[in-house]
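Reconstruct the complex from the two isolated chains, following the hints.
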Amino acid sequence: MSFLKIDGVTMQFGGVTAIDNLSFEVEKGMIYGLIGPNGAGKTTIFNIITGNLYPTEGKILLESNNITGTKPNKIVYKGVARTFQNIRLFKSMSVLDNILIGFDAQAKYSYLEAIFRLPRYFKQEKFIDKKAKELLEIFGLTEFADSKATDLSYGVQRKVEIARALATNPTLLLLDEPAAGMNSNETSDLADIIFKIKDKFNLTVLLIEHDMKFVNKMCDKLTVLDYGEKIFEGKPADAIVDKKVVSAYLGDFSHA
Amino acid sequence: MGSLVRNSIFIAVAVAFIYFAGDVFGSYKMFLINTIGIYAILALSYNLINGVTGQFSLEPNGFVAIGAYFTAILLLSTESKIDMYALVDPSPIVLSMHTGSLAIALLVGGVAATIIALLLSLPVFRVRGDYLAIVTLGFGFIIRIFAINNPEFTNGAMGLNDISSSINFYWVGGILLITFIVMLNIIYSKYGRAMKSVRDDEDAATAMGINTFKIKTLAFMTSAFFEGIGGGLLAVLITTITPDQFSFLLTFQLLIIVVLGGLGSMSGTLIATILVMVGMEALRFLDEPNILGLGNEAHPGLRMVIFSVILIVVMLFARRGLLGDRELLDFFKKSKK
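In order, the protein sequence lines correspond to chains A and B. Under the working numbering, read the first sequence as residues 1 to 256, first letter to last. Under the working numbering, read the second sequence as residues 1001 to 1337, first letter to last.
These are calculated hints, taken from the structure and not from any lab test. Just so it is clear, CB atoms sit at the ideal spot from N, CA and C, and this is done for glycine as well. There could be a bad hint or two in this list.
Which bits of chain A does chain B cover? Going by a derived footprint, with three or more residues having C-beta under 8 Å, they are [said to hold, decoys possible]: (1) 69-77; (2) 82-93; (3) 109-119.
DSBU-like cross-link-like pairs, simulated, lysine-lysine; straight-line CA separation at most 30 Å [stated by the list, open to error]: (4) 130(A) - 1029(B); (5) 213(A) - 235(A); (6) 213(A) - 5(A); (7) 28(A) - 217(A); (8) 1029(B) - 74(A); (9) 198(A) - 221(A); (10) 126(A) - 198(A); (11) 148(A) - 1214(B); (12) 213(A) - 28(A); (13) 213(A) - 198(A); (14) 213(A) - 131(A); (15) 108(A) - 1214(B); (16) 1214(B) - 126(A); (17) 59(A) - 1214(B); (18) 123(A) - 1214(B); (19) 71(A) - 1214(B); (20) 230(A) - 91(A); (21) 1029(B) - 78(A); (22) 131(A) - 1081(B); (23) 244(A) - 71(A); (24) 196(A) - 74(A); (25) 91(A) - 1214(B); (26) 213(A) - 244(A); (27) 133(A) - 1214(B); (28) 221(A) - 59(A).
Restraint-style ranges between C-beta atoms, simulated for each label pair [to be verified]: (29) 1319(B) - 64(A): 46 to 56 Å; (30) 1145(B) - 12(A): 29 to 39 Å; (31) 2(A) - 1328(B): 50 to 60 Å; (32) 66(A) - 1174(B): 46 to 56 Å; (33) 1056(B) - 12(A): 32 to 42 Å; (34) 1201(B) - 192(A): 39 to 49 Å; (35) 146(A) - 1318(B): 14 to 24 Å.
Next up, chain B with everything else stripped away, as it sits in the complex (with noise of 0.2 Å):
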């Protein structure tokens, strides 16, 4: 069995980074691995729906926005619940949800955010189109402005701040572990397989037998729960939540990883995700003054510019993304050959 004992190795690999990075790394540099860590595990449930079952649905920003308001009056405390609502006084049911527990809190986000995601699959997915991109887009700006009215619930524009930081990279490191061996295991399924199909030939795939209602359900059920793990993540690791971080940009910032990545492609999402978080980062220097000699004002807003051109580039030479709709190993196998 090569897979097994290469499986392992790479898990193990996995496992000694996560458990490690936090010696090696700065606070600076641990909070930038975590960013990305939380992007990753967003990307990756993005590519399920979008890439793999090829679903065009721009909805990310809704569900990580449910996850993060869920696990955030979750974890805040009653008192502090009290103390925070200066608009209106929160509502009893906010009073009432109260966990100690990160993982529970997590959970929680999760699963509303996989129930609303099988409300929306009823209406959607019997009709076939770009009904999906449609609706998710809408259902993103439905939830923003949910927030944003129903103060007794959220706080409204104020946000929620404060949610108890107990977090660290054992959290993000392991739950992206998870992410990306689940989604590896669905592929490698005949669910993935299915998934695949719709993708293809949605005619082709239901004279195959296949309930394609049900696989597109599944694929973006799967997607929100993930989606809701992670908006919780990004709550705890900000500490601060306003609905204006949950806005269409943070979808588009999804799908420019995904896109780069390859559509399909779990690993190309993970290299995707490091290469654009992290080139976001090291192009700071642009937006300072005195910069490639354009005089000593600063020019901010460069960096942006900087990268949308490099971005352009890429797709240019690499049409499908970085991978395709291949996996890393999937390039190893056909080398031997």
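Here chain A stands alone, though its shape is the one from the complex (with noise of 0.2 Å):
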């Protein structure tokens, strides 16, 4: 059984088909990549999943359970998990903060609890930061805790990113070009942590991504889509040698 599973999946925006009848499945505990070409539908597939848009047809099974169309805020509770293409962490606020927004949803006490400072505060703050702390310590970044989250390096806002996604505690994490902009030591470096973290914490991963050497490192499947349409599906090293995937990269030689 499938952990996750996109069944034809269309997606229109008025008259554009940004994903056409799109169909694949992911099984638990692997790093799954989807590539493609700029405006292929990579991101919208991630915005679908995540509950941001409603696909026109089709559904996606968590865990055999239909999670289409679920809020983006509740879909965090379904285990799914995401970062962002250009990275988005909160500006204003400490490292320590921002991976204590993840943990918000386990941290259980009522408006009234905090104004008051009733005894579940305090024990619950404890339990999270204790967690948050924990979770820096994994990533490296316990040093950076009390520093502005955008004062930081790029190479570490990314983890720093993807560590906040992980306090939500999901089972599915989606990861928006991770190595964007990167140097190659950064990307090493985060191709590690990835290992790390999918199997410390059991996690299924989907990641978008460009540079195909680090897609190649991750990945044990993938699927390519050019124009909103799957082209290829299977391992990174049949893909970075079938036609129609280089064609779709490169452009088409054979009317050249």
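Right, here's the structure in full:
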């Protein structure tokens, strides 16, 4: 049984078909790649999975549960967390506070309990503070805990964003171009961390990426999109020699 | 627990000030201090929705008016209402509303404002953008026009007078202290973090499971509650209220205070309230004749010109307000490191 199933999803914006009858399945514990040229509809798929968009047709199944159209703030409770293509940290807040936002749902105390500082506030805050610091430790971000998120380097910000997503305790992690704009050191560092957290937190990862070397290293399986259609599904090593994939990226040479 | 000792000292000092202020200062100064206290309550609560949650709103004058009218009507006795309502007879609802307790009257004012804030939130926070500013601006006008055109409830443009003044600084100072602590307790909790996350990036906050509609509504209702109470205090302090007192200018003045103190900083708001209110009083000499060699005539309004210039200069040097979005104590924490 597949963990995540994209079942015949079509997404139309007015007359434009951004996704055309797309289906693929991700098994539990996989790192699954979603690649394709710009405008192929990769981020659209993420937005459909996370409930930001409602597909024109088709369903999203997570562990056989239909999660299509679940509101973006509710999808977190189904175990889906995401990062954004352009890093979107909370700018005015410290790294620790950014992570604590991810733990929001796990701190169970009411508004009045916060205002009157009742015992449950202290207990719950202490609990998520400890968990957040553990998470920072895993990511090697402890030294940055009190820094403002936006004062950090790009690579570190990326890590904070992934850590923040992990704080929501997901089973499925969606990474939108995690290696974009990183140098090769940062990229390999990132790859190590993704492998590490995948095992530690028992995650299934769906990632969008352009860096083929990175994809090759990370992904167990991938789907290639072009103009909203699936043109390839299989192992990364096979993708880079596939005729259709090569022509989607580089243009069709047969008519040249 | 260093923070526990620190907080206890702060509260002890504040309580001591509230207790002894009446003995130390004369009645003119006490009136000023009371006014500053009430404006601080209003500005602190305004900062929660405008600064911490980042939802640009222009609501205070509306909620202050609601709080003021409810408190005034509750405190006036039936006989004085019948005497006072000159245009038309007071409505039976108005006549039946009476309590001798200032606490209950203030609380009713606050709760009324909170309920109306909830009703406004339902449509406004379902959409994003500047709708809140437009709706709350309009709301302020509606409240004022309602007050003018419904004399059976509010005695119209003549307003309400002789609201029994049993108020002293224990009330104002006590409620200010409570407001300040409540605001900080909210900010340093998961709800405060969620409010800031909504301000910084609403999409990312949603992706973290934050119900942004709920958070914005909570912030708005909390602001309204304390603005309603502040309005009630204002009515009792001045002892007379008219619809024109609650024009957009009141909101504007609070906006100046909040921006000057730093959007999101409660201690900044407190400092800015004192600076603005004391500054406005201290500059009064400018309205007198024979100032700055401008001849023997008086130049009424010169005070506001100079005050504005000072404000502009301050904002040029402190773009994000006096304290930015940090609290006073954060600066001490930083310097220790």
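The hints, checked one at a time:
Figure legend: the region 69-77 of chain A, annotated as covered by chain B; annotation consistent (5 residues with Cβ-Cβ distances under 8 Å, at least 3 required). Counting residues of the region 82-93 of chain A whose CB lies closer than 8 Å to any CB of chain B gives 8, which reaches the minimum of 3, so the coverage claim holds. Here's how the region 109-119 of chain A fares: 6 of its residues keep a CB closer than 8 Å to some CB of chain B, so the rule of at least three is met and the hint holds. With a CA separation close to 49 Å, the supplied pair residue 130(A) and residue 1029(B) exceeds the 30 Å bound.
Between residue 213(A) and residue 235(A) the alpha-carbon distance is near 13 Å, which keeps this suggested pair within the 30 Å criterion. Taking the CA atoms of residue 213(A) and residue 5(A), the gap is about 26 Å. The hint holds against a cut of 30 Å. With a C-alpha separation of about 18 Å, the suggested pairing of residue 28(A) with residue 217(A) holds against the 30 Å cut-off. Among the hinted pairs, residue 1029(B) with residue 74(A) is inconsistent with the structure: their alpha-carbon atoms are about 54 Å apart, more than 30 Å.
Distance check on the hinted pair: residue 198(A) and residue 221(A) sit about 15 Å apart at the alpha-carbon level, within 30 Å; holds. Between residue 126(A) and residue 198(A) the CA atoms are separated by roughly 26 Å; this keeps the pair inside 30 Å, and the hint holds. Distance hint between residue 148(A) and residue 1214(B) is fulfilled; the C-alpha atoms sit about 26 Å from each other, no more than 30 Å. A C-alpha spacing of about 23 Å is found between residue 213(A) and residue 28(A), which places the hinted pair at or below 30 Å, so the restraint holds.
Proposed proximity of residue 213(A) and residue 198(A) is supported: the alpha carbons are some 19 Å apart, at most 30 Å. Between residue 213(A) and residue 131(A) the CA atoms are separated by roughly 34 Å; this puts the pair beyond 30 Å, and the hint is violated. Annotation: proposed proximity of residue 108(A) to residue 1214(B) holds, straight-line Cα distance about 16 Å (limit 30 Å). Between the alpha carbons of residue 1214(B) and residue 126(A) the distance comes to roughly 24 Å, so the proposed pair stays at or under 30 Å and holds.
Taken as a hint, the residue 59(A) and residue 1214(B) pair is honoured in the structure, with Cα atoms around 28 Å apart against an allowance of 30 Å. Distance hint between residue 123(A) and residue 1214(B) is fulfilled; the C-alpha atoms sit about 24 Å from each other, no more than 30 Å. Distance check on the hinted pair: residue 71(A) and residue 1214(B) sit about 14 Å apart at the alpha-carbon level, within 30 Å; holds. The straight-line distance between the Cα atoms of residue 230(A) and residue 91(A) is roughly 37 Å, outside the 30 Å bound, and the hint therefore fails.
Restraint check: the Cα-Cα separation between residue 1029(B) and residue 78(A) comes to about 59 Å, which exceeds 30 Å; the hinted pair is violated. Taken as a hint, the residue 131(A) and residue 1081(B) pair is broken in the structure, with Cα atoms around 60 Å apart against an allowance of 30 Å. The straight-line distance between the Cα atoms of residue 244(A) and residue 71(A) is roughly 36 Å, outside the 30 Å bound, and the hint therefore fails. Straight-line distance between C-alpha atoms of residue 196(A) and residue 74(A) comes to about 27 Å, which keeps the hinted pair within the 30 Å bound.
A C-alpha spacing of about 22 Å is found between residue 91(A) and residue 1214(B), which places the hinted pair at or below 30 Å, so the restraint holds. Distance check on the hinted pair: residue 213(A) and residue 244(A) sit about 19 Å apart at the alpha-carbon level, within 30 Å; holds. A threshold of 30 Å between alpha carbons decides the hint, and for residue 133(A) with residue 1214(B) the separation of about 28 Å falls inside it, so the pair holds. Of the pairs offered as hints, the one joining residue 221(A) and residue 59(A) holds, with about 21 Å between alpha carbons and a cut-off of 30 Å not exceeded.
The hinted window of 46 to 56 Å between residue 1319(B) and residue 64(A) holds, with their beta carbons roughly 54 Å apart. The given range of 29 to 39 Å is broken by residue 1145(B) and residue 12(A), whose C-beta atoms sit roughly 47 Å from each other. Evaluation of the 50 to 60 Å hint for residue 2(A) and residue 1328(B) yields a pass: the beta carbon distance comes to about 55 Å. With their beta carbons about 55 Å apart, residue 66(A) and residue 1174(B) fall inside the hinted range of 46 to 56 Å.
Under the hint 32 to 42 Å, the C-beta atoms of residue 1056(B) and residue 12(A), about 35 Å apart, fit the expected range. The beta-carbon spacing between residue 1201(B) and residue 192(A), approximately 28 Å, falls outside the hinted interval of 39 to 49 Å. Restraint check, residue 146(A) to residue 1318(B): a C-beta distance of roughly 23 Å satisfies the suggested window 14 to 24 Å.
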